[in-house]
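Novice: Chain by chain, the residues run as shown.
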Amino acid sequence: MKESLLSIQNLSIRMIDDHQILLQNINLAVNKGEMVALIGESGSGKSLTARTVQGLLASNMMVTGHVFYQNNNLLSMGKRNHHQLLGSEIGSVFQDYRGSFTPFIKVGKQMVEAIRSHFSINKKEARELSLHVLEEIHLNSKQIFHSYPFQLSGGQVQRVAIGLALALKPKLLICDEITTALDVMSGETVLDAIEKVRKETGCAVLFITHDLVQAYKRTDRIYVMQKGKIVEEGSPVQIRCEHKHPYTKKLCSCLLSLPGEDHLQIIQGAQSV
Amino acid sequence: MKTVGKMIGSRLSQLFIMIFVLSFFTFLLMKITPGDPIRSILKVDDVSVTTKKEEQLKKEYGFDEPILKQYGDWIINVAQFDLGESLISKKPVSELILERLPATLALAIGGLTVLFLISIPLGVISSLYENRWPDYISRWIALVGASIPSFWLGLLLMYFFSLKLQWLPMMGRGTFAHFILPSFTLGMAMAPMYISLLRERLITILQSPYIEAAKARGISKRRIVFFHALRGSLIPLVTMFGLSLGSLLGGLSVIEILFSWPGMGELIVQAVTQRDYPLIQGFIIVIGFLIVLTNLLVDLLYMVINPQIQQGKEARV
Chain A
1 MKESLLSIQN LSIRMIDDHQ ILLQNINLAV NKGEMVALIG ESGSGKSLTA
51 RTVQGLLASN MMVTGHVFYQ NNNLLSMGKR NHHQLLGSEI GSVFQDYRGS
101 FTPFIKVGKQ MVEAIRSHFS INKKEARELS LHVLEEIHLN SKQIFHSYPF
151 QLSGGQVQRV AIGLALALKP KLLICDEITT ALDVMSGETV LDAIEKVRKE
201 TGCAVLFITH DLVQAYKRTD RIYVMQKGKI VEEGSPVQIR CEHKHPYTKK
251 LCSCLLSLPG EDHLQIIQGA QSV
Chain B
1001 MKTVGKMIGS RLSQLFIMIF VLSFFTFLLM KITPGDPIRS ILKVDDVSVT
1051 TKKEEQLKKE YGFDEPILKQ YGDWIINVAQ FDLGESLISK KPVSELILER
1101 LPATLALAIG GLTVLFLISI PLGVISSLYE NRWPDYISRW IALVGASIPS
1151 FWLGLLLMYF FSLKLQWLPM MGRGTFAHFI LPSFTLGMAM APMYISLLRE
1201 RLITILQSPY IEAAKARGIS KRRIVFFHAL RGSLIPLVTM FGLSLGSLLG
1251 GLSVIEILFS WPGMGELIVQ AVTQRDYPLI QGFIIVIGFL IVLTNLLVDL
1301 LYMVINPQIQ QGKEARV
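Residue numbers (this note's numbering), protein chains in the order written: chain A, 1 to 273; chain B, 1001 to 1317.
Keep in mind the hints are simulated off the structure, nothing from the lab.
All of these numbers come straight from a predicted model, not from anything done at the bench.
Cβ coordinates follow ideal geometry from the N, Cα and C atoms, glycine included.
List of simulated lysine-lysine pairs, BS3-like, C-alpha gap at most 25 Å: (1) K109(A) <-> K1221(B); (2) K1221(B) <-> K171(A); (3) K169(A) <-> K1221(B); (4) K1221(B) <-> K106(A).
These stretches of chain B come out as covered by chain A in the derived footprint (C-beta under 8 Å, 3 or more residues): (5) 1222 to 1228; (6) 1294 to 1307.
Throw the hints in and build the complete structure from the sequences for me.
Specialist: Here is the structure:
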C-alpha cells in the first residue's frame, strides 16, 4: 500500500458574489513518489485545483472540502502555516515562464533568496548550491546565474524553476502546464529535467496538462477533468483503452498518431509508380 | 552602456534646445507685458522720474535696441557663462542665484524626504489592506491632503506648532527645527498623488504572476512586498516625479514666501514684480538646467529599477 502525500476530498469552490460553481466535489490523491496527471480542457478547473494546494486562491472564492497534505488539512491550517510549506514541501512550476521569476532581479539572486528562505545557510553556500543544481540540469550555470529572466528562453526559465526544486527538495512538485508555452523540443527537455528531479529527490509530481500524449507517456495515473468535475481516473492504459466517460473517449479520439515508417514506404511506393 | 551614453547625449541636446526656446519666449513675454524695469530702477534710486533720465537709462541698458538684438546679446553672454547683472541690486545674477540656491535645494530635499516617509508606508499599507480600515484611513489622509492648499496647511501648522504649542520656529532658516514645518508642508502637499498611485500600482502588481511565483517559492511576505512588488511599482512614481518637477518648484516658491525661507522663490517673485529681466532669465536657465538634470537622473533610475529598459525592451512589471 502506497503512502498518501496529497489527498483532496470533496473539494468544491464557488464564487462568493455570483455563486458560480468552479469546482465540484473533487477527489484526488497523490501518493509519495508518484507522478499523477490532471488532464482536461482549458477552464475545466485543473489549475484552480492546483492553486488550492498552493494557497493562491482569490479571496472572493468560497472553498469547502478537505485538502490533506501529509494528513494536515491545508484549508484549515491557517495562511502562515500553509505558506511555510510552499517551496520546501510543495514546489511549483508554472505555465507562464515569463512570470516564474521577478523580471528585474537576476535569476541567481532569486534562487539564493528562495534557498535561504528555507535553509539556514549563508549566501556563499546558497550560491554554490544554485550553481550546482543548474549544472545538474545541464544549463550553463554561471551564465544563467547572472542573467535576468527576460534574457533567457522559455525552456531555460522552466528548467531553472525545476532546478530550484532540485535544490529545495520538495516532496510534491506541482507542474501547471509547464510545456504549453514551449516548442516540442524544449518541452521534452523540460520534462526530462522533471524526471531527473523525481529520480534524485523521490518527489511526487502533480502534472497538470491538456496534452494526453505527455500524460500517457510520463505519468503513473491520470485524472480526467471536465467542467469542474473529475470524470474519470485510472492508469494511462486504462484511460487509453478502457475509458468509460464520453469526454475521455472524445479526448482519446483526438490523439493524433504519426504514420509509421511502413505506412510511409507504401505511400512513397504508390507515388513512384 | 551604449544606451546610457546615447541617453545622456540626447538629454544634453534637449537641454540646449529647451533653454534656448524657453529663454526666448520668456524674454519676449517680459517685453510685451506691462511694466518697466527703468521705472523700478528709478523708484529704487529714489529720484524724481524725468523722461530724459528714462531715455538715458534705456540707452545704457540697451533697451532701445530691437528685441532680437537684445536677446542675441544676452544669449551670447550666457554662452560665455555670464548671466549679467541684476538691474535693481546691480549684483551679478549668478551670485544672487548661488546665494539662494542651496536653501531652495535643501528645502526640496527635505520635502522629498517627507514625501517618501509619508507616501511609501501609506501606499503599502493601503494596498496590503485593500478596502479594510487601514486602507480607508490612508485614503482619507490622501483625500484631506489633496483638498488642503499648501499655503493653508502651512498656516495651520504654523498656528499649532509655532504659535500655540511653541515647539517649532515659525519662520526663517538656521537650525534643523526651522526645516521641519516647511519640509512637512511641501511633502504633504505632494503626498496624496503618490499615495494613490502607489496603492493602485501595488494592488495590480501583488496579483501578478511573478508575485504568485515568489509566494509559491515560500518567500516571506515582507520580502515579497519590499523587494519584489515595491520595486515594480516605482516606475510610475519616478515618472510622475519627473513630470511634476515644475509644479514642485512652483509649490516651493509659495512655501518659501510663507515661511520666509531665504530661497530662490522669494528672489524670483521680487524679480518679476520689478521686471528685473537678467535675474528672471538667469533663474529660468538655472531651473531649466535643474529640470533636465533631474529628468536625466529619472531616466537612469528607470534603468536601475528595470534592466529591461537598458535592453530597449518594454518592461513587463
